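Input sequences plus hints: build the corresponding full structure.
There are 2 protein chains.
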Amino acid sequence: MHKNKEEFLTETVTLLQNNSRRCFFSMISKSKIKQLSSLALKKYRNKEGLFLVEGDKMVLELAKSKIRIAEIMTTEAFEPSIRDQGLFAENTTTVTRDELKKISQLKTPQNSLAVCYLPVSRDIPEVLEEDLTIYLDGIQDPGNLGTILRICDWFGIPNIFCSAETVDPFNPKVIQASMGSFARVTLTECDFDQIRTIATNSGAIIYGTFMEGENVYTQDLSSKSILVMGNEGNGISEKVKKHVDQKISIPNFSSDTQKAESLNVSVATAILCSEFKRRSF
Amino acid sequence: MHKNKEEFLTETVTLLQNNSRRCFFSMISKSKIKQLSSLALKKYRNKEGLFLVEGDKMVLELAKSKIRIAEIMTTEAFEPSIRDQGLFAENTTTVTRDELKKISQLKTPQNSLAVCYLPVSRDIPEVLEEDLTIYLDGIQDPGNLGTILRICDWFGIPNIFCSAETVDPFNPKVIQASMGSFARVTLTECDFDQIRTIATNSGAIIYGTFMEGENVYTQDLSSKSILVMGNEGNGISEKVKKHVDQKISIPNFSSDTQKAESLNVSVATAILCSEFKRRSF
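Taken in sequence, the protein lines are chains A and B. First residue of the first sequence: 10, per the working numbering; consecutive thereafter. First residue of the second sequence: 10, per the working numbering; consecutive thereafter.
Honestly, I wouldn't trust all of these hints.
Copies of the same chain look alike in the list, so a pair counts if it works inside one copy or between any two.
[To be verified] Derived pair list, reagent style DSSO-like, types lysine-lysine, alpha-carbon separation capped at 30 Å: (1) K41 to K182; (2) K110 to K251; (3) K56 to K111; (4) K116 to K43; (5) K41 to K52; (6) K251 to K39; (7) K75 to K248; (8) K268 to K75; (9) K66 to K268; (10) K233 to K268; (11) K182 to K66.
Rather than coming from a laboratory, the hints here were simulated on the basis of the structure. Computed from a predicted model, the values in this text were never measured in an experiment.
And the structure:
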């Protein structure tokens, strides 16, 4: 079966090495489980410079992104899928589902997770290149933020800015809700005074959504715009409000006397992005 | 202190009655807890003809709706809020938070819940009165359905139709996500063959969203339209597809080679409702 003894020995050694590596890696220490599960909290993400990407679909999406992976943990059964995406590396660890469960924040058990390096913050530009830029003024719900990242991805808005009060984009629930878009769009924290300066430099108009705003459907919209979306409960903050050039709103079509009070902020973002973008046709 | 003995006795009797009623009511039997918590499942909702409205905000919303309430359960502390909304009735039961927790499907503990009668199914009309009607072809996620109900409420689309495969609108998670809109819009199950007939009777065009559809922004849209939204994973079913008059799509603006694959179905519904409705201006 083997051409010579040397070849036989080499193969045996490789086999043993792989085997021992697998055995070694599949025993994750308690302290490592603790360290990784702590990445659910922003404090520890920033301390370690790492964040978690959970869920098999999300992990596989990483193959297409610029996000740097520190380590992949996968069940043996899922290894081929990881390898097919070119994600299998030296730092891939085989784990059991039970071990994954201890690290993961997900309810539904999965086969893999990736430990990734937090990307370096993007420099804030002096002038805006894009036709439409979004500023998030204190979005609090991770599901909403994730959905907004996905919407921005669809509408070709790669650069998003946000206030310090906005939920952290590397929160596991944001990553999940973004359905992979977290890897393609960038959220950069930026004080609104700076945005005001950039707007002036760029000749951009700052739009904000307010109940009493003008009907967005019938407004002329600038070809260089910054759209501010406010907090779920309180809307746009007083601080940002004074910088808004034009107040806009999505008309309520309900004929019922008991109208829907509001649209969800991610739904409103989608409608407004659509309204700004469609005008390019 | 008391004008006369009769007044004193009347007050005492009332006090005792209230007290005994409260004591009696606050001991919910195990079988009742079991009966009510079973309403999380469609099978039992249909058997009992009842559904649950959970969460204090949702319960208070009922005061503005046509939904008939069978029973309200509230903590003593929350009773004044219930009463202020005119919701306090003979069938109001004082319960402890622990008892509520046993019945409720919610993670976050609340102060109240309402047991409501399932509304009688609406007759399916022969001709459509509204300019825009939505047909949901197998929406599976309760959060998506709830969000879609809220969107329809905002855009003045009170009557929505759906396939038998669509998630039940009285699912507790749908109720939650609709943020009270469940009480203002009606979802009626209806086979698509019937919708095709109604469309013909009404001179309505049936639109469906497909990847290869025409850019919705540059399409002429009929002033009498039925918009079909498909299942989260599989889109519009083969059965419904053959009845669609015009395929439409929301253009993907992403310049990235690794584009966002899709928009969430509730986000897509919002964008399309906005696009149909804005043309009335």
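Hints, verified against the model:
Taking identical chains as interchangeable, the C-alpha atoms of K41 and K182 lie at most 30 Å apart only when both belong to the same chain, with a minimum of 21 Å there against 36 Å between chains. In this homomeric assembly, K110 and K251 never come within 30 Å of each other (Cα to Cα): the closest approach is 47 Å inside a single copy and 44 Å across copies. In the homo-oligomer, the alpha carbons of K56 and K111 lie at most 30 Å apart inside one protomer (21 Å), although the nearest pairing across protomers, at 40 Å, exceeds that limit. Taking identical chains as interchangeable, the C-alpha atoms of K116 and K43 lie at most 30 Å apart whether they share a chain (18 Å) or sit on different chains (25 Å).
Proximity of K41 and K52 under a CA criterion of 30 Å is satisfied intra-copy only: 17 Å inside one chain copy versus 45 Å between copies. With identical chains, the CA atoms of K251 and K39 are never at most 30 Å apart, being 51 Å at best within one copy and 57 Å at best between copies. When the C-alpha separation of K75 and K248 is checked against a cutoff of 30 Å, the pair qualifies neither within a copy, at 35 Å, nor between copies, at 41 Å. For the identical chains of this complex, K268 and K75 are inter-copy neighbours only, at 14 Å across copies versus 45 Å inside a copy, given an alpha-carbon limit of 30 Å.
In this homomeric assembly, K66 and K268 come within 30 Å of each other (Cα to Cα) only across copies, at 15 Å, whereas the closest approach inside a single copy is 39 Å. Taking the closest pair of Cα atoms, K233 and K268 come within 30 Å of each other only across two copies (23 Å); inside a single copy the shortest separation is 33 Å, beyond that limit. Proximity of K182 and K66 under a CA criterion of 30 Å is satisfied in both settings, with 14 Å inside one chain copy and 24 Å between copies.
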